[in-house]
Amino acid sequence: MPEPMLDLPQGTLDLLILRTLALGAQHGWAISERIHQVSSRILQVRQGSLYPALHRLERRGWIKARWGASENNRRAKYYELTKAGRKQLEAETSDWQKLAAAVARVLETT
Amino acid sequence: MLNDLLIRLRSLLRRKTVESELDEELRFHFDQQVEKLEQSGMPPEEARRQTRLILGGTEQVKEECREARGVRFFETMAQDVWHATRTLGKSPGFAAVAIVTLALGIGVNTALFSIVNQVLLRPLPFAEPERLVSLWERNVIGDSDYNVVSGGIFGDWQEQATSFEQMAAIGEDSANLSGDGGALPESIGTRQCSFNLFSMLGVQPAAGRFFSEEDDRPGAGGTTVLTYGLWKRRYAGDPGIVSQTVLLDGKPYAVIGVLPAWFDYPDTRVQLWLPVRHEVSSADMHSRSNHRFFVTARLKRGVTVSQARAEVDGIQRRIHKQFPDTLLGKGANVLRLSDNLVRDVKPSLYALMGAVVFLLLIACLNVASLFVARATARSKEIAIRAALGGSRWRIVQAQLAESFALTFAGGALGTLLAWASVGWLVAFRANLPHADSVRVDGFALAFTISITVFCALFAGLLPAAGTRTELLKPLNEASRSVTGAPGRTRLRRVLLTAEVALTVVLLVGSGLMLKSFAALRSVNLGCTTSNVQTMSLSLPDAKYEQPSERAEFFEELLRHVRAVPGVRAASVVTTVPGAGHYMDNTFRIEGGPAPRPGQFLDAVVRGADPDYFTNMNVGLLRGRIFTDQDRHENSNAMVISESMAKRFFPDSDPLGRDVVIDWDGAPRFEIVGIVRDVLSDLDRPVEPTMYFPMNSGRFGYGTLVVRSAMDVTSLALPIQKEIAQIDPELAISDVLTMEEVIGKSTTAARFDAFLVLLFAVMALVLAAVGLYGLLSYLVTQRTNEIGIRLALGAQRADVMGILFLDGLRPTAPGLVLGLLLGGACAELIRSLLFGVQPLDAIIFATVAVVVLLSAGVACLYPAWRAAHVDPVTALKYE
Numbered sequence: 001m002p003e004p005m006l007d008l009p010q011g012t013l014d015l016l017i018l019r020t021l022a023l024g025a026q027h028g029w030a031i032s033e034r035i036h037q038v039s040s041r042i043l044q045v046r047q048g049s050l051y052p053a054l055h056r057l058e059r060r061g062w063i064k065a066r067w068g069a070s071e072n073n074r075r076a077k078y079y080e081l082t083k084a085g086r087k088q089l090e091a092e093t094s095d096w097q098k099l100a101a102a103v104a105r106v107l108e109t110t
Numbered sequence: 001m002l003n004d005l006l007i008r009l010r011s012l013l014r015r016k017t018v019e020s021e022l023d024e025e026l027r028f029h030f031d032q033q034v035e036k037l038e039q040s041g042m043p044p045e046e047a048r049r050q051t052r053l054i055l056g057g058t059e060q061v062k063e064e065c066r067e068a069r070g071v072r073f074f075e076t077m078a079q080d081v082w083h084a085t086r087t088l089g090k091s092p093g094f095a096a097v098a099i100v101t102l103a104l105g106i107g108v109n110t111a112l113f114s115i116v117n118q119v120l121l122r123p124l125p126f127a128e129p130e131r132l133v134s135l136w137e138r139n140v141i142g143d144s145d146y147n148v149v150s151g152g153i154f155g156d157w158q159e160q161a162t163s164f165e166q167m168a169a170i171g172e173d174s175a176n177l178s179g180d181g182g183a184l185p186e187s188i189g190t191r192q193c194s195f196n197l198f199s200m201l202g203v204q205p206a207a208g209r210f211f212s213e214e215d216d217r218p219g220a221g222g223t224t225v226l227t228y229g230l231w232k233r234r235y236a237g238d239p240g241i242v243s244q245t246v247l248l249d250g251k252p253y254a255v256i257g258v259l260p261a262w263f264d265y266p267d268t269r270v271q272l273w274l275p276v277r278h279e280v281s282s283a284d285m286h287s288r289s290n291h292r293f294f295v296t297a298r299l300k301r302g303v304t305v306s307q308a309r310a311e312v313d314g315i316q317r318r319i320h321k322q323f324p325d326t327l328l329g330k331g332a333n334v335l336r337l338s339d340n341l342v343r344d345v346k347p348s349l350y351a352l353m354g355a356v357v358f359l360l361l362i363a364c365l366n367v368a369s370l371f372v373a374r375a376t377a378r379s380k381e382i383a384i385r386a387a388l389g390g391s392r393w394r395i396v397q398a399q400l401a402e403s404f405a406l407t408f409a410g411g412a413l414g415t416l417l418a419w420a421s422v423g424w425l426v427a428f429r430a431n432l433p434h435a436d437s438v439r440v441d442g443f444a445l446a447f448t449i450s451i452t453v454f455c456a457l458f459a460g461l462l463p464a465a466g467t468r469t470e471l472l473k474p475l476n477e478a479s480r481s482v483t484g485a486p487g488r489t490r491l492r493r494v495l496l497t498a499e500v501a502l503t504v505v506l507l508v509g510s511g512l513m514l515k516s517f518a519a520l521r522s523v524n525l526g527c528t529t530s531n532v533q534t535m536s537l538s539l540p541d542a543k544y545e546q547p548s549e550r551a552e553f554f555e556e557l558l559r560h561v562r563a564v565p566g567v568r569a570a571s572v573v574t575t576v577p578g579a580g581h582y583m584d585n586t587f588r589i590e591g592g593p594a595p596r597p598g599q600f601l602d603a604v605v606r607g608a609d610p611d612y613f614t615n616m617n618v619g620l621l622r623g624r625i626f627t628d629q630d631r632h633e634n635s636n637a638m639v640i641s642e643s644m645a646k647r648f649f650p651d652s653d654p655l656g657r658d659v660v661i662d663w664d665g666a667p668r669f670e671i672v673g674i675v676r677d678v679l680s681d682l683d684r685p686v687e688p689t690m691y692f693p694m695n696s697g698r699f700g701y702g703t704l705v706v707r708s709a710m711d712v713t714s715l716a717l718p719i720q721k722e723i724a725q726i727d728p729e730l731a732i733s734d735v736l737t738m739e740e741v742i743g744k745s746t747t748a749a750r751f752d753a754f755l756v757l758l759f760a761v762m763a764l765v766l767a768a769v770g771l772y773g774l775l776s777y778l779v780t781q782r783t784n785e786i787g788i789r790l791a792l793g794a795q796r797a798d799v800m801g802i803l804f805l806d807g808l809r810p811t812a813p814g815l816v817l818g819l820l821l822g823g824a825c826a827e828l829i830r831s832l833l834f835g836v837q838p839l840d841a842i843i844f845a846t847v848a849v850v851v852l853l854s855a856g857v858a859c860l861y862p863a864w865r866a867a868h869v870d871p872v873t874a875l876k877y878e
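Protein chains in written order, with this note's numbering: chain D, 1 to 110; chain W, 1 to 878.
Simulated from the structure, these hints should not be mistaken for lab results.
For every residue, glycine included, the Cβ atom is placed at its ideal position computed from N, Cα and C.
Please note: incorrect hints may appear among the correct ones.
[Claimed, not checked] Straight-line C-alpha distance at most 16 angstroms; calculated EDC-like pairs for lysine to aspartate or glutamate:
id	chain 1	residue 1	chain 2	residue 2
1	W	K330	W	E165
2	W	K36	D	E33
3	W	K300	W	E165
4	W	K543	W	D806
5	W	K646	W	D683
6	D	K64	W	E165
7	W	K515	W	D840
8	W	K330	W	D143
9	W	K36	D	E80
10	W	K515	W	D683
11	D	K64	W	E21
12	D	K87	D	E71
[What the hints assert, rightly or not] Cβ-Cβ distance ranges computed for the label pairs, FRET-style:
id	chain 1	residue 1	chain 2	residue 2	range
13	W	K380	D	W96	35 to 45 angstroms
14	D	T12	W	K380	44 to 54 angstroms
15	D	A91	W	V453	36 to 46 angstroms
16	D	T109	W	D4	42 to 52 angstroms
17	D	T12	W	R27	40 to 50 angstroms
18	D	A91	W	D4	15 to 25 angstroms
[What the hints assert, rightly or not] If you want the footprint, here are the derived chain D segments under chain W, 3+ residues with CB under 8 angstroms:
id	region
19	25-36
20	39-48
21	51-57
22	75-83
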C-alpha cells in the first residue's frame, strides 16, 4: 500500500542523495530505500525523480557511476561521491541548516 | 565542466549503449521493488501490479532522464531533420522548387559578395596599408578634385610637408620592348617611379633588387624592374634575366630585379618599372605646370588623412599665390590609397549588392509562402501532433528542421553556382580592380553559411507567426481536406505584398540602368563609328628623334596603308574619339584680351593628317583643313573645334587669328579652319579641341583609322604586315574597331544594367508564381462558395472578376509600396545614371503596367478555373 508521501523539491533531493552516498557507494534502488528508511518512512522518492536526479548529479561531476554486482548477484549501476561531491555536500548541508533554522525562527515569532 | 561535456558527448555518440544501460537500471529497480513486496507476503502478480502503480510510467522516466542528460535538443533536431528529409522526398516538386529558388538567391549573393570582398573590402597587400595615401592637385583648370601632379609641385610638397614619412611619384608611359633574342618586339605599358616607392610600400623583390638612389638620377645607367607577369611570360621565369640587358625603345636597360607575384599595383597592364628621374627630363621634373604624376605617400604615425589634407592644401595655396602665372592647382587633395583604387567601381558594386540582397529576400519570402501553403495542407497532421502532446515548440522545431534541410540544400547548390560563375562575371564586367584574385574563399563561404541560416530561420519561423490559435481547430471542423485558415491566408497575402514591393524596386532599378546604358550607347561621338578599324603605335625616341623623321614615317605609313587592297580610306590621328582625354595644353591668343592672372586658356591637343576629317566624317564648318603643303617648319596651320571657337572667340572670327601654344619654343599657329566637335569620352561633355598637322613631326605616336567597303576587320592583318615592311621593330597595340573602342567605355554600364535586369526578371517570375499559387489555393478553398454563387445565377464573368480582384488585393499595395521604395532607391543610385533622372516617370509607369499585366496573367488560369466550376460538383464537394 502506498504510504503518505511528501514531494521533495529538486534541490533537496540532490542533497539527500549526496548524503546517502557519503556513507558508501550504492545503487539507485538502495538509495531510494535508505532515504525511505532513515526518514522514518515519510520520504518516498519516486523512480521518476530519482533517476533524472542521479544523471544530473553525474553530469555535474559530484557523483560517478560504475557497473557492479548487486547483493543478489545481478548487474547494477553503483554511484559514489567524488571529491567535488563531498565539498558540495558540506556546502549544501550548511546552507540547508541555516535555511531550516531561519524558517523555524520566523514560524516561532509570528 | 569537462566531465559534463564528456558525458554529453557519450550520450550523443553512443546512444544505444546509454539507452540500454538506462533500461537495465530501471528494470533492476523494478525487480528489487517487486522482490521487496513479495518478501512481505504479497503474491507475485499483485506485487508486480503494485510496483507498476508505485513506480509509474517507465517511458516518462526515460524521457526525463534523457532531458537530464542534456542532449535532448540535438537528438530531436537530428530526428526532425531526418524525418524532414523523408517527408520532403515524398513531395519532390515542392522540394525542387524551394531548393532552386534558394539556390538562385543564395548563389548570386555569394558570387557578388566574393567580388565585393576582393575588390572593395580587401585591404591592400602592403605594409600598414591604412597609412598609404594618394595626393592630388585640385582645381588646376576649372573644377577638378583629382588632378595629377606636376614634378615641381611634387618637389615642393616633399620639401615642405611634414605629415608624411615618405613620398613617391609615379608616371605612366609605354615602350617598345625588344633586344632579348628571338621574341618579337612588343609595345608594353610601363611606369616610372621614385626609387623609394617599393620600400615605402613594404615590398620585397622576388629576385634581384629594387632601385637605389643612384639609379634614380638622369645620368645613371638605365635600370629596370620587371613585373612578375612579364618575367614569367616573356622570360619563362629565368632568374638569369637579372643583370641581363634589354632594349626599351632601342635603348639598353639592365634588369636589376623582379617584383613578387602578388604585386599587381596599379593594374595588371603595367609590365615594368623605371626610375622616374632617369626617364623624365630634368626640366619636366622641376616644371610646376606640366602635370603628369600620380603621387603616393605614407602618413606619419598618428597623422590622420584629414590633417594631411589640410596641411598639403595649405601648402598648395601658398605655392599658388607665389606663382600666379603658372598653371597649377589652387589646392590639394589627399585620399586613402585603397579608396582611390576603387573610386569608380564602388557605387555600381554597392548597387549590385543591394539588388542581390533584394533578390534573396524575395526568394526567402517565396519559400516562406510555400511553407505556409504546405502547413495549410498539413494542418490536420499538425493538429493531431498537437493533440498528442506535442508542444508548440516541437512543432515549430519540426518546421525549422524542414526549413534547414531545404535551405542548406539550396545553399550548397547556390555556392556551386557562385563558384562556377564568379570568374565569368568578373571577366564580363571588366575594369574591376583586383579582378584576378576574385574567388569564393573562406570569407565568402562564412558569409554564405550565415545567410543560409538566416534564410532557414526566416522561412521556417515566419509560417509559425500566423498560426497562433489554430493548431487544434482543424480537428473541430467538418472534415475537408483543405480548410479555411484565415490566419494563414492573411499571412500569405502579406508575404506576397512584400514580394511584389521588392520586385517593383528591382524593376525600377533595372529600368533606370537600362535607359542609362541606352543613353550612353546612343551618344553621338561626332564621327563615323561603324566598320572603322583602328590600331595604335608609338615611335621609339631613339630611332625617330627628329621631327622630320617622325613626319616622314607617318607619310610613308599612310602611303603604304592606302595602297593595301580593300582599303578605301586611311588616316592617322593621335587619339581617336571616345578613347579619352589624353592630352591638353595651354595657349595664348595673339591680340586677344589679356587673361586674368592665374587664368589659363586650355584645350585638348590632337594631331591629324589632312584627310582625317573627311575620312571620319567630321564636318568642316568654315575655312579649310591644313594641307600636305603645310609641313615641317612651314607647318603653322591649325584647325579648331566648334566648341573651341565658341568658348575662346565668342565675339570675333577665329579664322586667320594666331595662337601661341605653350610648348618649347612657343610656336605660333594660324587658325585656318573650324570643324565639328567630337567627344573624347562618351559620358563627359564636349571639350574644346585643337588639331595640328601630323606631318609637323611634333607627335611620335598615333592611331591609324581605316575604312573599307568590305568588312574592315579582315584588313587588320594585311595592314600590320605592311607596317612591318616599313619598320619591322615597331610594335602595334590596341587593334580595335571603333565599335570596340566605344564598347570599352560602355562595357561596365551594359553589364550592370543587364545583370540587374536578370535579377528583376527572376524576381518577377517568383512573384508571379507566388501569386498564381495563392490564387489557386483560394479557388480550391472557395469552390463551395463559388458553386453556390453560380447556382444562384451569378455569371461566369462575375466570378472571374471576383478572383481577379482577389489577386489584386495583395498586388496593388505591393505595387504602391514598391514604387515609393523604388523612388528612394533610385535617388541612391543617382551617380550611376547617365542622361536619366532618378524619378523618371516613364520608367515608373512602365514598371507599374508590367507588374499589373504579370499579375493579371498569373491570375488568369485560376480565375478561369473558378469560372468553370461545375456548381453541382462544387456543392457536393467535401
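So, going through the hints one by one against the coordinates:
no.: 1; hint: W:K330 with W:E165; result: violated, 24 angstroms
no.: 2; hint: W:K36 with D:E33; result: holds, 10 angstroms
no.: 3; hint: W:K300 with W:E165; result: holds, 5 angstroms
no.: 4; hint: W:K543 with W:D806; result: violated, 81 angstroms
no.: 5; hint: W:K646 with W:D683; result: violated, 21 angstroms
no.: 6; hint: D:K64 with W:E165; result: violated, 66 angstroms
no.: 7; hint: W:K515 with W:D840; result: holds, 10 angstroms
no.: 8; hint: W:K330 with W:D143; result: holds, 10 angstroms
no.: 9; hint: W:K36 with D:E80; result: violated, 24 angstroms
no.: 10; hint: W:K515 with W:D683; result: holds, 14 angstroms
no.: 11; hint: D:K64 with W:E21; result: holds, 15 angstroms
no.: 12; hint: D:K87 with D:E71; result: violated, 29 angstroms
no.: 13; hint: W:K380 with D:W96: 35 to 45 angstroms; result: violated, 52 angstroms
no.: 14; hint: D:T12 with W:K380: 44 to 54 angstroms; result: holds, 45 angstroms
no.: 15; hint: D:A91 with W:V453: 36 to 46 angstroms; result: holds, 42 angstroms
no.: 16; hint: D:T109 with W:D4: 42 to 52 angstroms; result: holds, 43 angstroms
no.: 17; hint: D:T12 with W:R27: 40 to 50 angstroms; result: violated, 27 angstroms
no.: 18; hint: D:A91 with W:D4: 15 to 25 angstroms; result: holds, 19 angstroms
no.: 19; hint: 25-36; result: holds (count 5)
no.: 20; hint: 39-48; result: holds (count 3)
no.: 21; hint: 51-57; result: holds (count 5)
no.: 22; hint: 75-83; result: holds (count 3)
The earlier numbered hints that this structure contradicts are 1, 4, 5, 6, 9, 12, 13, 17.
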